[in-house]
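Participant: The residues making up each chain are set out below.
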Amino acid sequence: MTHTPLNVQELRDQLHALATRDGIRQWDLGASRGMNASVQVDRGEAKQMKAAQRSSITVRVWNEQGLVGVTSTSDLSPGGLEKALKGAYQASSFGNAEDIPGFSPLATAPIPELDRPLKPSQSIQTLLSTLKDVEGELLAKHPAIETVPYNGLSEGNSERIYLNSEGALRHMQRTQASLYLYARAEESGRKPRSGGAVRVALGSADLDLGGCIQEAAERTISHLNYQPIDTGRYLVCFTPEAFLDLLGAFSSMMNARSILDGVSLSNKESLGQQLAVPFFNLHDNGLHPAHVGAAAFDGEGTPTKRLCLIGNGTLENLLHSEATARQFGVHPTGHAGLGAKVSVGPDWFEVSSSKGSSQPAEQLDHRNASETFVLIESLNALHAGVKASQGAFSLPFDGWLVKDGERISVEAATIAGDIRDVLKGIVHLEPNEVVTHQGVSPHVWVDGLAITGEA
Amino acid sequence: MVETHPALNQTFTLDPSHTPWKDRLETLLQTGVRAGADLVEVFLERTDHIGVLAEQERITSVSPSFGMGAGIRVFLGHRDGFVSTNDLSESGLAQALDQALAMLELEHNALQHERGFEGLRQLRDFGAKKDAWLAQSPELSEITQRLLEGTARLDQLGQHLEVRRGSFSRDWQEVLVAASDGTYARDIRLHQSSGLSVLAAEGEHRASIARRFGSSDRPDDLREWDVDAAANEVCSSAATMLHADYVDGGQMPVVLANRFGGVIFHEACGHLLETTQVERGTTPFADQVGKTIANPAVTAIDEGLSTGAFGSLSMDDEGMESQRTVLIEQGVLKGFLSDRAGELRTGHARTGSGRRQNHGFAAASRMRNTYIAAGPHSTDELIQSVDRGLYCKSMGGGSVGPTGQFNFSVEEGYIIENGQLGRPVKGATLIGEAKEVMPRISMCANDLDLAAGYCGSVSGSIFVTVGQPHIKVDSITVGGR
Chain A
1 MTHTPLNVQE
11 LRDQLHALAT
21 RDGIRQWDLG
31 ASRGMNASVQ
41 VDRGEAKQMK
51 AAQRSSITVR
61 VWNEQGLVGV
71 TSTSDLSPGG
81 LEKALKGAYQ
91 ASSFGNAEDI
101 PGFSPLATAP
111 IPELDRPLKP
121 SQSIQTLLST
131 LKDVEGELLA
141 KHPAIETVPY
151 NGLSEGNSER
161 IYLNSEGALR
171 HMQRTQASLY
181 LYARAEESGR
191 KPRSGGAVRV
201 ALGSADLDLG
211 GCIQEAAERT
221 ISHLNYQPID
231 TGRYLVCFTP
241 EAFLDLLGAF
251 SSMMNARSIL
261 DGVSLSNKES
271 LGQQLAVPFF
281 NLHDNGLHPA
291 HVGAAAFDGE
301 GTPTKRLCLI
311 GNGTLENLLH
321 SEATARQFGV
331 HPTGHAGLGA
341 KVSVGPDWFE
351 VSSSKGSSQP
361 AEQLDHRNAS
371 ETFVLIESLN
381 ALHAGVKASQ
391 GAFSLPFDGW
401 LVKDGERISV
411 EAATIAGDIR
421 DVLKGIVHLE
431 PNEVVTHQGV
441 SPHVWVDGLA
451 ITGEA
Chain B
456 MVETHPALNQ
466 TFTLDPSHTP
476 WKDRLETLLQ
486 TGVRAGADLV
496 EVFLERTDHI
506 GVLAEQERIT
516 SVSPSFGMGA
526 GIRVFLGHRD
536 GFVSTNDLSE
546 SGLAQALDQA
556 LAMLELEHNA
566 LQHERGFEGL
576 RQLRDFGAKK
586 DAWLAQSPEL
596 SEITQRLLEG
606 TARLDQLGQH
616 LEVRRGSFSR
626 DWQEVLVAAS
636 DGTYARDIRL
646 HQSSGLSVLA
656 AEGEHRASIA
666 RRFGSSDRPD
676 DLREWDVDAA
686 ANEVCSSAAT
696 MLHADYVDGG
706 QMPVVLANRF
716 GGVIFHEACG
726 HLLETTQVER
736 GTTPFADQVG
746 KTIANPAVTA
756 IDEGLSTGAF
766 GSLSMDDEGM
776 ESQRTVLIEQ
786 GVLKGFLSDR
796 AGELRTGHAR
806 TGSGRRQNHG
816 FAAASRMRNT
826 YIAAGPHSTD
836 ELIQSVDRGL
846 YCKSMGGGSV
856 GPTGQFNFSV
866 EEGYIIENGQ
876 LGRPVKGATL
886 IGEAKEVMPR
896 ISMCANDLDL
906 AAGYCGSVSG
916 SIFVTVGQPH
926 IKVDSITVGG
936 R
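Protein sequences, first through last, are from chains A and B. Here the numbering used here is used: the first residue of the first sequence is 1, the next is one more, and so on. Here the numbering used here is used: the first residue of the second sequence is 456, the next is one more, and so on.
Mixed in with the good hints, there may be bad ones.
Said to hold, decoys possible - Taking lysine-lysine pairs in the BS3-like style, the calculated list, with each CA pair at most 25 Å apart, reads:
id : chain 1 : residue 1 : chain 2 : residue 2
1  : A       : Lys83     : B       : Lys585
2  : B       : Lys890    : A       : Lys191
3  : B       : Lys585    : A       : Lys191
4  : A       : Lys305    : A       : Lys355
Source of the hints: derived by calculation from the structure; they are not laboratory data. Note that this is a predicted model, so its numbers are computed, not measured.
The whole structure should be built from the sequences, with the hints applied where relevant.
Facilitator: So, in structure tokens, the structure goes:
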């Protein structure tokens, strides 16, 4: 499963010729192309095998008044390019004169070298055979595990381009593979329970299959013994995955675009203010070695870099595009998309504790704490239960009530609170920082969060 | 660059009178069948989208896009292989078919069957009278003007509004479906969605309220949109919710409003009545047809026929004409929503429910316009029957997990005390399991109404309608603080 890389020079020449013909002096383009293959199985049989070839381009143009228009298409042919350029020019007459994006001043700056070798793909039959074996091993882990209803093994290669009329030219290729396993277990007279695990790697041959099987089995089995929980306030420990999900849902607190739009809990004066407990640090690091999907540049061609967002509990920096950076008088940070109104988003969070800091509850350890607490394994329905502009969340979760060292899975419960209270109510960050497929974080302890259960 | 067929590149169209398409599709299907496939299906699409955002008094984003692509699916026994591509050249499609055949260990040119297929039947052209829809829908200048009217009305009607937004999206899609069982059908779809949203703030108090409206196959929808009514509804809710307290969680009876209240049935039960869930073994209702699974007060329907509704469609994405499917009748399970693969793997007959976001997804059994039918009660009777509980006037999104546990959020709630509506509350999330909740829907009012929404699942994000009359659930877990 390979494809011939995009001919960047040819693409630039075509666009330059079309733009010159139409009198368009300023333009830029983001393009991507990729191929992906995936398989799913069901109790030893192939369920579905899929492959996809995808391509897309987004063209921006600046018209005579300096207003910006944009158009996207999946048609990378010369005809598609021409139509996209025309569409962008037409749209530019509706450009926002109050907020005009420009080229990133860093679009031609050196980009970081990523140590991400391109991995060869395997045949789809090999993927299928592998996933059948993986499913079989997971089913054999426990008699109550009857099916693995959600499973998938995929791999793909892709490339991204950014180029503009001032000579910027970025091009990168990467490969990526993933495995997910969500098992369903049921014991006689009891409700079905589920648990899962995910692994990512640069190539399918590099995936930690055994680790994924073991984790999915352990998580599923750990939920077989379940009980309803009493409604009340609890000492809570978030697993790294759950805490990173929660932080991600409220990343608008650190997003300059959201601040300018008035939908963030932060404002222009928030920089330098205390956002979290003094021993809490948060970086965004799209270059982390474990970040399989790392990109060397963002949608505007700005190089990716490690950025301190919260240091010792204080908001130190924001995520920026070119336009927001200009308004704040700083450099873009490498977190932009590409569009008429450029979106800004986080890449890969790293949560850590300040070295040498004292924490209110340093004795807490989720593996052997003597206190009664709720261990939050994962948060669900973040798209529905998070009000980012209000700071509020009310979310169903999977997890356990841990009492006297014994873990009992919690049946059907929600956890609710305010992200500001959570960040300022952290009582302990465990010393072990765990690398997950979505970021790095230790287990995070917060006291007094509201949990509603069925008991 | 992607290789393209010069003729297609210049005149790309799915017009059935464009002879090369039919010839080319028949060649592809013949090739697949001769290689040993039980069935080959080709889905071609062309799309044209525009999204516009107004913030305060300005248009801040205009995002047009267009595209085309194909999805080729090959069945062999209960297995299938699916390949999607943006490359609609002759060689691109042939390569995609080869790849799909190879997934099932079938080889192009390895003549497995002397039989071919008997050719495509006469085209069923559901799009014949819809060719002008794209041109008839509003131009950019009209769209921007309507949205700015909306944000201006919000400014006039609202208080403490820090953010005012109006948004619009138009999705036009032309599809052509051809399969080796002779299916040959074309359609044009037009979905338009308009919305208003605000963020109100005063001191530490904040409330964000949004309302979205959507239609299918109505080019004039934006022109006919009642901006005043929409702005009034949003501002009224924002004013009410700005100082609302967070709800106290617990088990309690709830009354759910009509329109988007229907998300409870969509999440709690609708997904579990799709044959994709039967295939996975993740529905508790797999062997319950003919049995009582809900309160006798509940009759539930899924259909694609309501004129102009967001989830309506003339044909599904497998070329089958839309239907009305009774899912539950007076509490008794009557049937499932099924697509081609669902029929093959579960035995439930196809219901015209094979849907997909675009050519990048294989079709799957999905909901269309799904609602609980009206009952005999008035809304007041439902509220008066509750001593202490929650009235959910406006709902947010929701989801359902692999064990059938569902959830959805409440945007605007009110405490019910002694049969009367009380103070507003926010921050509620309702969770439960279908098997437990469906028997607890004990009363249905007589005010059925529908609301447009988007549903994300195995075959991508699709346009749907949810709906219900006001209903009462005797007891459910209300997550709060």
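Participant: Is lysine 890(B) within 25 Å of lysine 191(A), Cα to Cα?
Facilitator: holds (11 Å)
Participant: Take the C-alpha atoms of lysine 305(A) and lysine 355(A), compute the straight-line distance between them, and say whether it is at most 25 Å.
Facilitator: holds (22 Å)
Participant: Tell me if the straight-line CA distance from lysine 83(A) to lysine 585(B) falls inside 25 Å.
Facilitator: holds (23 Å)
Participant: Holds or violated: are the alpha carbons of lysine 585(B) and lysine 191(A) at most 25 Å from each other?
Facilitator: violated (49 Å)
Hint 3 from the earlier list is the only one contradicted by this structure; the remaining hints agree with it.
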